[in-house]
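*Asks:* The primary structure of each chain is shown beneath.
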Amino acid sequence: MKIHLRITRELLANARSDLTRPHAFAHERVGFTACKFGSVQNGDIVILAHSYYPVADEDYIRDSRYGALIGSEAFRKAFQLAYSNNVGLFHTHLHPHQGLPRPSRIDLRETAKFVPDFFNVRLALPHGALILSRDSLSGRVWTSAQMPPKPISHITIVGAPIETLGCRK
Amino acid sequence: MMNRSERQSFLGEDSDTILSALRVAIVGLGGGGSHIVQQLAHIGVGHFLIMDHDQIEASNLNRLVGGTAADVRRSEWKAAIAARVIRRVNPRAKTIAECTRWEERAELLRSCDIIFGCIDSFSGRAELETVARRYLIPYIDIGMDVHEQGARFSITGQVALSMPGYACLRCMNIIRPELLAEEARKYGASGGKPQVVWPNGVLASLAVGVMMQLVTPWHDEHQPVHLLEYDGNVPEIHPASSTGFLTAVDCSHYGSAADLGNPWYGRLVHR
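Protein chains in written order, with the working numbering: chain A, 4 to 172; chain B, 5 to 275.
Just so you know, the hints here were simulated from the structure itself, not pulled from any lab data.
Please note that a few of the clues may not be correct.
Pulled a few chain B residues facing chain A out of the computed Cβ check, cut under 7 Å [said to hold, decoys possible]: (1) Arg114; (2) Ser115; (3) His257; (4) Ala261; (5) Leu264.
Facing chain B, from chain A, some residues (calculated, C-beta under 10 Å) [as the list claims (entries may be wrong)]: (6) Pro25; (7) Ile50; (8) Asn123.
Think of the CB as a built atom: it goes at the ideal place given N, C-alpha and C, for glycine as much as any other residue.
Chain A extracted, bound-state conformation (with noise of 0.2 Å):
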């Protein structure tokens, strides 16, 4: 099964510009957004970005071992969101640099924590992961709770100009 991302160039923008905002004391910032899926031939999936939710300033706990820890309330207002409006949830943050953005080994730690927890509320959607970086980006989808997540293999930004990345073969 292969995993492609489509996201607008407008919406990936919306999350960077607040990604890159500074917080008063966690070093990065995290935010969530809610995609709609599409199925395609051969059973491979297409994830279909919709909109991106910011974690509130408050929603944020001090913590010096990691550049951002959000807590409870960050997490229960994303999944209202997942519940309400019916889609899956990806846990988004920016690494600060340019090309191809890779998890770090906290990044596949915590996120094999918390992203199954969003089945939750939404067990039949996939959820995930999307790390940004400031001209590329990458992601991980867990579609179910129980299996290890898959990489997004080719993402298309959709805006002017269109831009592929990854490979789709």
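Since the structure of chain A is provided, determine the placement of chain B on it from the hints.
*Replies:* Just chain B now, with coordinates in the frame of chain A:
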């Protein structure tokens, strides 16, 4: 030895790679669609989905690029003619040719990067745009009309780019309730609209230009125009006077999360 894209190298050093990976759907392979197919094959597009449920008739020969008298004699499918045009120009291109109504194989459109709509009916264009919007795919629509004005005729047309997040065909006033109602009232009425090859060619070329501005822009100050209008009598092509509005408009016809993706998506879950 020169390669096939030597003369279009100004489109960027990676333009060959971009174009050969591109998946383009052309729905409707008559006067407009057949021109678009031919141009995209020359440009080097690598993946085609071509859809038309019609077979060629003698009355199509005045404008259908690639169609021959022999095709008319054997009532060849328009999709098969278009596939032949592609194969002859660029044998490396991969083509899926569907000789059915596009609605019957609409799922094939979901993996395309761009959809061209070259169909006559307003309801068909509205439905095709809805599919494109639902899967965040840019949709380029072409339309041409010959209007009778007493003893004279005027030729007009337009190319519209319906881009996710921006103005749609309804915002552009191309799809209007009264046009849909009028069409529904005439449903089943026989007789084709007047069509001629040169305005089809002009509009198809403009539409291909819009696509090329999206995929391999050659000038960073010029963005694709959402609506280009063609007056075939003057003749003149110009961006619609509403271009400023169309660029800024927040489309109210599409945009909610419910408008995206499969109408139903998910696994069957047994608790």
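*Asks:* Checking against the hints above, which ones are violated?
*Replies:* 3, 6, 8
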